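Listed below are the residues making up each chain.
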Amino acid sequence: MVDFFVGSTLRYFYFHQKNGERFRTTYDLESTTADILIFGSSRANHHYHPAVFEERLHESCRNVGRDGNFILYSDAILKGILKRHTPKVVILDVVAEEFMINQYNYDNLTVLLPYYKGHPEMREIIALKSPTEKIKLISQIYPFNSLLLSIAIGNTDFNKNKRPDINGYLPLTKKLNEPIEFNDLPVSYEVDSTKLKMYESFIRDCKKSNIKLIIVCSPYYNKFNEPIYSIALAKKIALKNNIPFFDYSKDPFFTSKPNLFSDKIHLNDEGARIFSNMLVDQIENELTKNHF
Amino acid sequence: MLFNSFHFVFFFFIVTSLYFTIPHPWRWLLLLASSCYFYMAFVPIYILILGFTIIIDYFAGIYIENAEGKRRKLFLIFSLIANIGVLAVFKYYNFINTNLSFLLHGFALENPIPYLSILLPIGLSFHTFQAMSYTIEVYRGHQKAERHFGIYSLYVMFYPQLVAGPIERPQNLLHQFREPHEFDYDRVVGGLKLMLWGIFKKLVIADRLSIYVNATYNNADQHNGTTLLLATIFFAFQIYCDFSGYSDIAIGSAKVMGFKLMTNFNRPYFARNISEFWKRWHISLSTWFKDYLYISLGGNKVSVPRWYFNLFFVFLVSGLWHGANWTYIIWGALNGFYLVFAIMTQGVRNKINDITGIHHLPKFHHALQILTTFALSCFAWVFFRANNVNDAFTIIGKIFTLPGPLFYESASELIYPFASILLLLAVELKNEFYKGDFSFFNNKNWVVRLGSYTMLIIIILVIGVFDGGQFIYFQF
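Keeping their order, the protein sequence lines are chains W and C.
Residue 1 is where the first sequence starts when you use the numbering used here, and the numbers rise one by one after that.
Residue 1001 is where the second sequence starts when you use the numbering used here, and the numbers rise one by one after that.
It should be emphasised that the hints constitute simulated quantities derived from the structure, not laboratory data.
Incorrect hints may have been included.
Below, simulated BS3-like cross-link-like pairs (lysine-lysine); rule was C-alpha separation at most 27 Å, straight line [said to hold, decoys possible]:
1. W:K136 x W:K197
2. C:K1444 x C:K1193
3. W:K134 x C:K1290
4. C:K1435 x C:K1279
5. C:K1193 x W:K136
6. C:K1290 x C:K1301
Given the structure is predicted, the values throughout are model-derived calculations rather than measurements.
Isolated chain C, as found in the complex (with noise of 0.2 Å):
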């Protein structure tokens, strides 16, 4: 069920408003059958892999709790393998068969191992993430072990952030299910003006870019570098708009019931520096890798050049997570040399900014960071969004080589998507440096409040894209 449909929103209101309606004790198993319910509206039948992996780790945390030694490691890597394998088998393993095949042909001969004929589950890798810090944190003995299984199971299919995360720690989110939750108006205007902030980014901005994007992007080979260029902006927008839009509705729609979900985003591209970046950019992702995979590594407690390996390998491992296809591994891998880069060169930077002096204007300073960091991310961009690493160098080559007029095919097609990206920046502008001062979703003047709310329902109405389809993330 996407978020952006009616369906959607009859779901939404049956749901919240049963949650209020009926004893504390039972709200579970109501959120249990409607996250059931939410799922199957997909591919009902991969509701069954996802009932896999919740029995596994649901008994791998018990388990894990009840064991010493060695055999608490051994439940947790049992754990652990069942998790990998239910990925590496839907995600993976065509895409490593396909690598092998063309390896083999080198060697002119055919691989013998069969394509698997099978689509991914939507949003595999979030709640398989989810269940693995779940046995992860019993095995560092900083959850206990959830010995009621409809609760677990909540716990990795709670609907609003089941197919694209915030990818929860079991700390923030399980014992929330055992916490009467009351009407609180406040709570519930404040976690609906979130919804309808996401709704106006997927809507109005996402999907609206996504028109020029798709158009570019899917023929780079009819496109000059200008309008390439063009195209990767917009995309580095839609992209943050449709995830971070995704992000706001699923915490809008938990918060509407009283459960808090951690932030995702916070105005990633007035980021100063790639690392700054990662600490705003799907941060639930960010963290899980930090604290699951960059500590185990030793982190930056071990030797320059394993740290910068850690580092690297994280940003590789992470490129690889959002999908089978080199482009995705190549994103990661560049993200990574991009932090690594940035540690090296850190001095020799400090060296050019003194005798520059560019640090006596701290705010044309930081306005070239935050430039500097989106034109790199921008870059990167191009290998998360093209449909094949060839058309990747296409599109960076023309970019760089092939300057020409802009494609459009309506002044539409440039005003709107224009129009919405200047309301976005100023909306963030506001709220990345003007904190404390005038709101107008919080105004205290109800008139204010209800005008902004009404303006926002309109300009959806009038340039919302209303067949704009699922979002992107789902397919990770």
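This is chain W alone, in the form it adopts within the complex (with noise of 0.2 Å):
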């Protein structure tokens, strides 16, 4: 009885949010009408600016993308979009590590806990967390765990004050200035089938609602080993499937400019403004090939 009291509260005030992360990730799920969709991970979110997207294609466009979170919580994402809405164009962000087997990656699936209960086509992919994850949900205490002070702050203006976002983009500021690096991520590795199949079922999902999707893998700040694993996998998939693919990961007019970046694989808000007007150009390209 305490435990449906207390976790009722906290999901009142949960989703009364009125801005931060987990402001954003409920208004993706309950709220966005926008027709171009960017999902994935900080990659996604820091780097494609909506105001470009929508100036260029005038269509509306929202950022998905969220921190620390990579193939399986886009799949989730969009499950529950396309519940109830259904864009014209959705872009995904692949990272370098996308297939790599991480248990982090699952355990980040506790962001979406809450939405457990009201989401149950994300339901399969919650599960993944963890095999006892049904089971602590039985507690309504436990999806709203260690939320405690961000729901409170959520509840309050003081995010929106100090890092208001742009229709779900999150501008980052600081302007890197040292050589690049050597990313040392092996040619090949074990792939996390689990991922994969998210992967191709984000792709299926697409499809079958007639969503025009774009993937793509933006630029890094790093030079890489030969093939980058993951995304010569994602390539291969998405042009199977006769998805476009473009790769930005070695684009030598990034690569060779660190004020575009805030850090080794984040564009800043510079950065971010010239890829986005980049990647338009080509999906203009695009769409006008395919006569969309």
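Assembly of the complex is requested from the two constituent chains, each provided in isolation within its own frame, with the hints serving as guidance.
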């Protein structure tokens, strides 16, 4: 009874947040009606400036990328959004380690626990977090574990004043000033088959809903071994499904300009605007080519 | 199997229910089978190592008891060599080899001895020490050799304390396996309360603090002294709550079934000197070293320099017991140094107290002693937690020379840890200084009792860390 009461109180305040990361996810799932949606991790969140897309493609755009979350999260969020809204274009940003085995990616599904109850279509993915997740979720408090403070802050204007977002996009301001380094990612490794399945499921869901899907690997300020295994794999699957794949991971324009980066894997606001414009050029070509 | 996993919740419920259901003569078998399952949930193959030491020590105990004269000692030495040999191979072989390579490298020589590609069996040092205490006690005539192979195996393998203690003595534990334990509501509730408090310490405090400690200690070169100082204080509470939390769950789960395990922690951060600290911290190990090593070396009934050596040596070995790494050895040596230094300077410190008149302010003096002891233990914890000796010296250097703003990514990284430490200190302060007064868990009013359990469970659910992983002491 106490669990129900405390859990319900936390749920109420969680879904009444006015700003912050958790509010953005709730808004993405429950409210967005944007024509263009951008999915992915922090790299998606900080690299794709919705205003550029809106201005040049004359369609509404929202960035639904989230720090520390990759294809598992993206697929769950897409499924959640498709339940009530079908965007025209979806852009999925993939990262160099996308299909690597990493428990951290599953642990991070914690961010979706508050949505387990209201989104049956996401449950299968959320349950990947651990074999006992369904049992833990009997508790009404558990989905809001460790969120007490952020729920309290999210119900104030603190985040809004401190770090406002632009249709989900969060600009980074720092400018990098150091020489490019070598990223020692192996050229081949055991792939996480679940993540691969989620990637294929993401493509399938877009196709089924007649959404124009574009998959992108955005710029890095790193040198890599050849090939970048996950990117090569993502590209192969995309092309097999006739999905355009744009790879900027080694784009010399960006690898020669550290001042466009906030750190080695994230563009700053200036870099994000330039990259977004370059991507829109390619998307325009793609849309024209396919008479979209 | 981790105590903080759902796997254990099911396991504990099933084993305890069966324990009280089946007749007493078969209970040892149930406990032995469930202990095997518990251990094999980690790395199944390593049960063979346990099996090896159990067989050796079982027969060694009987032979020691039956033999006379020098043969008794011979059997004891054989048993000790077998146990220490297992430790040497699995825990220290690669460490010794690495240091040998380093030495030979100094003479431009290659080390021809290959490295072993093996994992350290979970809790090896704990059950090896428990097994050794059996043969030593049989040798000393304090314990009769156990003839029942199953019961002896259970003594080594009893699941609540198998992988991280308390390291029991045969006189305390063996006879308990023969005693019929009836279901006693008050005892069962008492055990469950202790388990709940242990889970709170692990999930709410230790695992919460570990987030900050890992983020800073694993990137020590990127953080300033203020941040590293806070991380060190956090680590002091992390390791205390991690290990004493484990002990509480172990003692509590044994208590539910009617077994009484020894106390392992007694609010160590209220100790007024390092000697007292070691009487309150990991008591089962401290007393093990005292009973079987320190006293064997002559204890304090020797010349003063030899007494100092005995103290220092025991702590050096204690450091090595914790891990095959120079960081642990330095940690042990530091604690040994603290103790020897405290004895050497006792007279001078008494004079200082007289001159300053601090003993006329007993509460202030007491608090100062507690804080000094805590600071000394924190200084030593730097070596215990640092990834290597270089990191430890970097951290210490920065703490003393590089102040700066505190690192945190979100306010919750600091607020939750501070709140949980304050809660812990409040409870421990009450238990240390106001023992007979008001109690939440044992209150006569059932509403207060129920309210306090409920509140603790709610706190665990709201701010506990559920992806925290294993206990620190498992690796030893």
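Hint-by-hint comparison with the structure:
For a cut-off of 27 Å, the pair hint linking W:K136 to W:K197 stands: about 25 Å separates their Cα positions. Between the alpha carbons of C:K1444 and C:K1193 the distance comes to roughly 15 Å, so the proposed pair stays at or under 27 Å and holds. At roughly 48 Å between alpha-carbon atoms, W:K134 and C:K1290 are farther apart than 27 Å, so this suggested pair is violated. As the CA atoms of C:K1435 and C:K1279 are separated by approximately 19 Å, the hinted pair is consistent with the 27 Å bound.
Only pairs whose Cα atoms come within 27 Å are accepted, and C:K1193 paired with W:K136 is accepted, the gap being roughly 21 Å. Of the pairs offered as hints, the one joining C:K1290 and C:K1301 holds, with about 13 Å between alpha carbons and a cut-off of 27 Å not exceeded.
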